[in-house]
Amino acid sequence: MTSRRDLLAALVALAATPALARAAAPDSFAGLDPAAIGRIGKAWRDQHAEVTAQDLAVRLFPTGRGPDALARLGALAAADFRAGKVFTYRGWRLSDTEGALFALLSLEGQP
Amino acid sequence: MAIIDARTLPDASPIEADLVIIGGGMAGIALAKELAGGPLKVVILESGGLEIDMENQALYAGSGVQRAPGNPDRPFDDYPVQSRVRALGGSGMVWGGKCAPLDPADFAERAWIPHSGWPITREQMQPYYDRACDLLEIPRFPLDRPRPTEPERQPLALDSADGFFPAPREFSKFSGGVDKAAFDAFRTKFADAPNTTVYLHANVVKIRRQDDKITGLDLACLDGKRHTARAARYVLAVGGIENVRLLLASDNLGNREDLVGRFFQGHVTYSSDGDSETEGTALVVSRAAPMDLYAPGKGRAAHCVIGAGAAAQARMNTGNFTATLFRTKPSGTETPVGADTQTLRRAGGRVAGGQDEAQLLGYFAMAEHFPNPDSRVTLDPEHKDPLGVPRVRLTWTYGEKDYADLERSVTGLADALGASGEGRMCWSIERSKLLAISSASRHHMGATRMHADPRKGVVDPDLRLHEAKNLYVAGSSVFPTSGIANPTLTILALVMRLADHLKRETGAVR
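So the protein lines, in turn, are chains E and A. Take the first sequence: its letters are residues 1174 to 1284, numbered as in my numbering. Take the second sequence: its letters are residues 646 to 1155, numbered as in my numbering.
Worth flagging that the hints you see were computed from the coordinates, not collected in a lab. Watch out, some of these pointers could steer you wrong.
What the hints assert, rightly or not - Here are the computed lysine-lysine pairs in the DSSO-like style, where the Cα-Cα straight-line distance is at most 30 Å:
(1) Lys-943(A) x Lys-818(A)
(2) Lys-858(A) x Lys-1101(A)
(3) Lys-1101(A) x Lys-1078(A)
(4) Lys-974(A) x Lys-1215(E)
(5) Lys-1148(A) x Lys-818(A)
(6) Lys-743(A) x Lys-943(A)
(7) Lys-1215(E) x Lys-1078(A)
(8) Lys-1101(A) x Lys-1046(A)
(9) Lys-1258(E) x Lys-1046(A)
(10) Lys-851(A) x Lys-1029(A)
(11) Lys-974(A) x Lys-818(A)
(12) Lys-1101(A) x Lys-1258(E)
Claimed, not checked - Stretches of chain E that chain A covers, calculated by requiring three or more beta carbons in the stretch to come under 8 Å of a beta carbon on chain A:
(13) 1220-1234
(14) 1253-1265
From the three backbone atoms N, C-alpha and C, an ideal C-beta is built for every residue, glycine too.
The following block holds chain A by itself, in its conformation from the complex (with noise of 0.2 Å):
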C-alpha cells in the first residue's frame, strides 16, 4: 500500500495491523511478500530508511571480543556496528548474493557435538528451499544434484567413503551491492500490495507482553517521536544479534530459561598468505583438466567447494568443514619456498600421472562453529543508544573441540586428496594464532535459538517464542547450529515455513 515515513506522523500515533514484521531486512520482506494480497493487514517497521545513514547505522554501535583457547582475546568492537544494515532491505543492501543449503549433517543430531540437532530435516526443508531459490531466481539445491556434464567441471575424484563432496553455491541478483536496480525493486515494490505498509525510521524499543501474550510495541524516531504499534501477532525479524538485544531490552523476554543470547555462533574463513617458510594455504592437483567447477575463471559464479558431508563428520569426529578454492598465480623460483613448491607441483603430477605440472590453487576452510553457552551477546546496561536502548556485548567464543576439529578436518581432506591421487594440500596455521588470522563473515547465527522443549530453545519449531504465543522470530538466530552455507537462503527457507504456518494459523490461505 504505501512506505511511509514513521517521523512524518503526528507525535503518538497508534499503528494497528494484523501481523507486524520488526524489521524490513531480507527475512520481513520474503515474509510480506508471501502475504502479500491476502487478508492480513501486514506492517513492517523497519529502523532505518531507503538509503544506508550513518546515524542510523550508529544505533547499532556496541562492544565485542573473540576469545578461544591458546589464543589472545582479539578485540571486535567494531563488529557489531560494522556487520549489518539498518535500511530497507537490511544487510541485502550489501550482501553478496552467494547462497547455498546447509546440509543434511548440519540438521541431524550428532552425538559427537552436544546441542546439535533441528526439530526439522534437511527434507522437510526441501520445498522451503525452492521457494527461496524462486524468489531469489537462483537454480534450486535438489538433494540429489545431478552431476555437471562439462568436462571442465568434473568433481575431485574422491573416495565416496571419505565423505567429501562438492558442495554447490549459486549467487542471486537481489542484492545492492550487485544490481542495485533489481534490488531496490525486491525491497520496495511489495509494499505495491493492498494490505502492505511499510514504516521506515519506525526503531522497536520495547516488545510489551502481558503473561504469554504480547500487547503492543513501543516506537522511537530519531527526531524524538515516539509511536506505539498493535497486533495480533509479531514477528521479529532485526537480525542474529538484534533479535537478542531487543528481547532483553523488553525486561528479558523469552529468557526464562536463560538461554537468549546464548550459542551465538559465526562464521569465519581462515587462510594465510605465503612467507618465507610456507606457501601458506595452497592446494595441487594432479588432474590436467580445468578446476571451472571449484574455481570458476570469473567471479561471483556459480561453484562448488569441498565439504564434509555426515560420513566424513563422523570418521572424522568433526562437525562440518568446507575447503573454498580460488585461482592463484604459481608461485615463482626465486626464493626457496616458491621453488619448493615449484618442485612438488612437478614431482607430484610426474608421480599422479597425470601431467608435467599439478596446478596451483589457493584455498580457504572453514569450520562449524560449534553451539557453546559461552559464546553469548548480552547487553551492557551502563551504555545505551540515543533511543535509550542498552547496546550490546558480544562474546564470541570458541571451545578446543572448534580447533580441534578444524585442524583434523584440514588433515582428512588432504589425506583424502593424498589417497584418491587427485592432489596435495599445504597448511601451516599454528593453532595459536587460529583467531587472530581467522577473517569473520557477517553471519550472526544461533543465540535464540530453535528447540521443541522450551528448557533448550528460545523458539519452538514453529519459530513461536516459548514464552508468547503470538511473537515469532525470523533469521539465523533460530539456527540450532550453523553449518558453514551463507545463511540467508536458509533464512528465507525458514520464512517460507512461517509463512505458510501463520497463513494456516490465520486462516489467510489465498
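For reference, chain E alone in the conformation it holds in the complex (with noise of 0.2 Å):
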C-alpha cells in the first residue's frame, strides 16, 4: 500500500519531469509555429546532440514553469549575452537559453 509519504515523493520526482511540468506551467509559448519551433529547436540539438528533455527541463525550469518562470528565462538569456554564450539561427544572434528553450519545446512537441 501505498502510503501518504510515497505519493508525495512520487509527485515531487515527476515534477522534475517535462511532462508535469509542462502540466502545472501558464501556456506561456501556445499558439507557437510547432514547425518553426522544431526547425530551431533541431539546429540548437544538432551542437547539442546528448542533452535530454529532462535535461533542458531541469535547466530551464528549475523551480517549474510557475509565473516567474519568463522572467527567468529572460535574466539567463541576458546573461547568457553577457557571458558570449549565444546560437546563431539563420543570421539571428538568440541567446543559448533560447536555443535551449526551442530545443526543449521541440521535444516536447514530438509525438
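Reassemble the complex: the two chains are provided individually, in unrelated frames, and hints are given to aid placement.
Given below as C-alpha cells:
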C-alpha cells in the first residue's frame, strides 16, 4: 500500500519531468508554429546531441513553469549575451537559453 | 553683386579679387555668405551653370574600382561622374538634406586606429556646428542632448557601459532635392552682396604657384574661351575627389609628401534582403512602445541611429559604427524563413516580458572606413577631359580591419540588445560578399587630409595647404577620419571656422 509520504515523493520526482512541468505551467508559448519550433530546436540540438528533454527542463525550469518562469528565462538569456553564450540561427543572434528553450519545446512537441 | 556667365566675357579676361573661391557648391557658397557685405572682394568660380547640364557633368568622368580583401574587385567607373554635381549649389542640388555632426570619438586619436585623430576636438567644433545648423535652419546638436520626453520617442534602454547611444539626425530644407525654391534662393541670393561675384561656366584647369605662393588660376570655358583669375587668397572647394584632381593637375601642388589623393574614405551601407535562408538585416525589439525615435513613420523626419560611442569602440576595439532602423512589414509565415522569424518574434517578446510579439524592423549598418594610404585618387594621364585636365582614377580600398570591425560591431550591438532584453539582431552577410552588396554614398573624404605635421597632412589645422601660404582647402577631403555622419554639416562647420580665420587674417572682421 502506498503511503501518503510515498505519493508525495513520487509527485516531487515527477515534477522534474517535462510532462508534469508542462501540465503545471501557464501556456506561455501557446500559438507558436510547431514546424518553426522544430526547425529552430533541431538546429540547437544538432550542436548539443547529448542533451535530453529532462536536462533541458531542469536547466530552464528548475522551479517549475510558474509565473516567474518567463522572467527567469529572460534573465538567463540576458546573462548569456554577457557571457558570450550565443546561438546563431539563420543569422539571428540568440542566447543559448533561447536555443535550449526551442529545443525543449521541439522535444515536447514530438509525438 | 552679380552672377556672370564666364562665356560672355571677352576672351582672356582677367578676374581679380581679394579672395577667389574655386567651386560654387555648399562649401563655397557658405563661405561667400559668411564674407558677404564685408570689405573683401570675393569671387566664386563655378564650373557649371545654374542648372545641371550633362556636358558640364561629363567633366567628372573617370574610372574607379572598389577593393577589399577576399572580395572580387568591384568596377566603379561610373561613380566619379554620378556622385557629384557641377552647377551652382553643387551636389546640394541633389542632396537629401540629412545633417549630423561627427561624434566626439571621431575627432579623437584612437590608438587602435592608425592615422586617426583630428587636430580639433568636437568641443572646439561646437560653435561652428551651431552656426552651420543656423545656416541650414535646423535644430542645433548640443554635446549633451536632452533626452526626449515623448513616450513614443524613448531611446532603447541599453546598458551605458556598452557604449551605444542614440545619435541624432536632422533634415534641412536647403537642397534641390527637397525644397527647390528654398534652395534656389540659398544658392543665388548671396550673390546680391556688393562684394560678391559668381562666375558660371568658369572651370579652373590649373593653379599656378611660385615658391610657396599661389600666383593665379587658369580658367577655361567649354566654348573655348580662356581667362585668368588672381587674388591674394584662394580657397579650393570643388569636392572630395576634384580637390585632389586639381591639385595633382597643377604640377603636383601640395604633394611633396605623396599624400594628395591618399587616404580616400567613403561611406557605404550594408544591408541584405531576406531570401530562402535568412530574414536579411533585421531586428526585433521586445518593447511594446513605438520606436519613433529611431524609425519615424514618415520619411525625412528627425530621428536617431544607434551609434557606437568612444566607450563602445574602445571596448570592442573597433571604429565607429551605426545601425539605422526603419519600419518594415513583418515577414509572412508561408515560407520557413518567415515562419521562423515570426516564431522568434513571438517567443522573444514573451521571454522579454514586453508583449506578445516583438516588433520587427529593418536596419542598415555602416562602419567607419579607416584611413588607408592605398585608398586613393590618382590621375589618368592617358585620358583627359575636353579642357585638357587628366581624368581621375579612384581606387577605393578596404583593409582586413574594415570588415573585421564591421562584423565585431554588429555582434557587439546584438549582444548589447540581448543583454538589455531590448531585442535581437539578424545579420547574415558573408564577408566575401560585403563589397558586392554594399551601397555607396556620395561622400568623399580624406584625400587632402588635415594634420599639423606637413609630413602627415596636406593642409594644416587652419585648412591652409602646407605648401602654399595663400591657398586653403574646404570640403570633406580635409577630414582625417570619416566617421559615419553625412559630411555636409561638418563641411559647413569647418567653413565657418575658416571664415573666421580669413577675417582675422585679413582684418576683415565686420
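Evaluation of the provided hints:
1. Lys-943(A) x Lys-818(A): 15 Å, holds
2. Lys-858(A) x Lys-1101(A): This hinted pair holds, its Cα atoms lying about 21 Å apart.
3. Lys-1101(A) x Lys-1078(A): At roughly 33 Å apart (the allowed maximum being 30 Å), Lys-1078(A) and Lys-1101(A) break the hint.
4. Lys-974(A) x Lys-1215(E): Since the Cα atoms of Lys-974(A) and Lys-1215(E) sit roughly 27 Å apart, the hinted pair holds (cutoff 30 Å).
5. Lys-1148(A) x Lys-818(A): 28 Å, holds
6. Lys-743(A) x Lys-943(A): Given that 30 Å is the threshold and the Cα spacing comes to 14 Å, the pair holds.
7. Lys-1215(E) x Lys-1078(A): Holds, at about 28 Å.
8. Lys-1101(A) x Lys-1046(A): Answer holds: Lys-1101(A) to Lys-1046(A) is near 21 Å, not above 30 Å.
9. Lys-1258(E) x Lys-1046(A): Roughly 25 Å between the alpha carbons, so the hint for Lys-1258(E) and Lys-1046(A) holds.
10. Lys-851(A) x Lys-1029(A): Roughly 14 Å separates the two Cα atoms, so the pair holds.
11. Lys-974(A) x Lys-818(A): Holds: Lys-974(A) and Lys-818(A) sit about 29 Å apart, inside 30 Å.
12. Lys-1101(A) x Lys-1258(E): The hint is violated at about 44 Å.
13. 1220-1234: It is violated: at least three residues are needed, and the segment 1220-1234 of chain E offers just 0 whose Cβ sits closer than 8 Å to chain A.
14. 1253-1265: n = 9 at 8 Å, threshold three: holds.
Going down the numbered hints, you'll see the structure goes against 3, 12 and 13, while the others check out.
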